[in-house]
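Protein chains: 2
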Amino acid sequence: MSKSKVAAIVGGGVIGGGWVARFLLHGWDVNVFDPAPDAQRKIGEVLDNARAALPALSDVPMPAEGRLKFCDSLADTVTNAQWIQESVPERLDIKLKVMAEIQAACPSSAVLASSTSGFKPSELQQGAARPEQIMVAHPFNPVYLLPLVEVVPSVVSDVALVAGAKDILTSIGMKPLHVRKEIDAHIADRLLEAVWREGLWLINDGIATTQEIDDAIRFGFGLRWAQMGLFETYRVAGGEAGMAHFIAQFGPCLTWPWTKLMDVPELTDELVQTIADQSDAQSGMHTIRELERIRDTNLIGIMRAQKQTNWGVGELLNEHDLRLQQLG
Amino acid sequence: MSKSKVAAIVGGGVIGGGWVARFLLHGWDVNVFDPAPDAQRKIGEVLDNARAALPALSDVPMPAEGRLKFCDSLADTVTNAQWIQESVPERLDIKLKVMAEIQAACPSSAVLASSTSGFKPSELQQGAARPEQIMVAHPFNPVYLLPLVEVVPSVVSDVALVAGAKDILTSIGMKPLHVRKEIDAHIADRLLEAVWREGLWLINDGIATTQEIDDAIRFGFGLRWAQMGLFETYRVAGGEAGMAHFIAQFGPCLTWPWTKLMDVPELTDELVQTIADQSDAQSGMHTIRELERIRDTNLIGIMRAQKQTNWGVGELLNEHDLRLQQLG
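Listed in order, the protein sequences are those of chains A and B. When you number the first sequence by the working numbering, it's gap-free, plus one each residue, and the end is 328. When you number the second sequence by the working numbering, it's gap-free, plus one each residue, and the end is 328.
Just so you know, the hints here were simulated from the structure itself, not pulled from any lab data. Since we're looking at a predicted model, the values are computed, not measured. Among the hints, a few may not be true.
Which copy is meant is left open, so a pair is good if it fits within one copy or across any two.
Stated by the list, open to error - With a cut-off of at most 20 Å between alpha-carbon atoms, the simulated EDC-like pairs for lysine to aspartate or glutamate come out as follows:
hint: 1; residue 1: Lys-181; residue 2: Asp-205
hint: 2; residue 1: Lys-5; residue 2: Glu-270
hint: 3; residue 1: Lys-97; residue 2: Glu-132
hint: 4; residue 1: Lys-42; residue 2: Glu-240
hint: 5; residue 1: Lys-307; residue 2: Asp-296
hint: 6; residue 1: Lys-307; residue 2: Glu-290
hint: 7; residue 1: Lys-120; residue 2: Asp-205
hint: 8; residue 1: Lys-69; residue 2: Glu-45
hint: 9; residue 1: Lys-120; residue 2: Glu-90
hint: 10; residue 1: Lys-42; residue 2: Asp-72
hint: 11; residue 1: Lys-181; residue 2: Asp-59
hint: 12; residue 1: Lys-97; residue 2: Asp-76
hint: 13; residue 1: Lys-166; residue 2: Glu-315
hint: 14; residue 1: Lys-5; residue 2: Asp-76
hint: 15; residue 1: Lys-181; residue 2: Glu-123
hint: 16; residue 1: Lys-166; residue 2: Glu-319
With these hints in hand, go ahead and build the complete structure from the sequences.
Structure follows, in structure tokens:
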């Protein structure tokens, strides 16, 4: 019998908690470090959600859960780990300090990955004892269900370690997207930020509410994007004439007047309050806990639906079933 | 027994064909006008797809199909219609000419709607005999499956006619989103264009391929957007601290360096060819017809999954089942 694998999760918020669940439910032992007094309660809540949801994605049994341990020191947390995931607040000074403390205690063979949504790996490697050990592994909430994880090395990251990291992520049911050139905010958050900025303008200018914007997405192109993304959708829309023809048709709109709103709206207190009020009106009748459960049930259904066509996330799930079967 | 309802579809491309299917499969008689020699074949193909897909969304039988008629003149097409949908090419001069011809022959009580993705209704009303009759009803491909339709009146549009139009759209299983203030490209396409622009930059700068961008969407936030949209996703992510707190945290990134790419990339022949080549590499092994079938099967699965939670599109489908039951 092989020795248990150990993941060290540093920072136990909603993202760190999601990582805990991902590894634990795939049989890894998990050490957690988070000095916040309510960290255990919060991680327990994420684990409850994950246990109710993740196994429903597979048609074969999951492995037995690993052992969960809350540690009193960062050194104890990382000392015997093969994977170390940093999910502390999004401030470079904090991340650099934590990275240094981790590297002072962890094996040099371990993957040392940051959940950062904005920083480049080369920024996180500044002044590190072993910069080649550090990479970005940026997941998406809920981490225990959404497969995507952006794996971003810098030019000095260890190539073999990055390849091993991708294998491990695949083994816990995730889809590692290798970002070949580091860039601020990687790929997905750049796309999200573009929509967010336009959405803020629409609210700021009184064109649409948060509810109307969300409806425009979830009753329309959101249903396409869940399976095809952007370019593939346009490939299909372009039909027999082909992609180049489609772009030639659609491209010119980039210089139409709608693009006038490309500067950034000022996030005044008034705009923030407007958004918060509209969001309350939209779904203040549900608790966040209720919304999480609805979301997770829908995510399972949406992903399982694609197993039938073995397309996109469906192919990933079917492959993961095979992998679980070989283990079991 | 009530007299058949008649829809006139002017322009039979992929969007017009989708409208034909939506109305026909909901029991409306449909007149089509499209002088293109292959219009009948193309609409026949869309109808094949729709017949294989749309009924699977309902748990109760659909009404008997209406009668489909290809007309030789625009006047014959619209003379007895209650709904007239213009889906001709996206050029204002063409649309204005067609609108004038339609109004010369159609009942003044009919809804006269344009599928335009970019023009404002006030632009389409220029010089019209009865500007108050004209509105935008902007659908999304595939029109026979995706529920969203942006209903955009101008300030002179007839309020009762717009309300009636929304009722009709609801009766054929669609989700009318009333855009209260006309704006170039309405709501959804503004959001899409923001992502498209950022995607072009990522390709132009060699950061990501079409496949990598699509994967970033469909294995990640696309799965959330299919049910929740943008703001609701952030409401849940923000957790107990609330939406205003979340924005205060996330908002500052709008002024981080990632926003430097807000100008428009030049659509050189080289960039267009790069995109077309990457798209071919991504899924050139499938015909467009195959991709349409995979898409439709996935869309049905994704939407049906949400019936279970009665959330978003699930609520819409359940309500539509009730409506079909009352008819049947």
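Inset, instruction - List, from low to high, the hint numbers that the structure doesn't satisfy. - result: 2, 11
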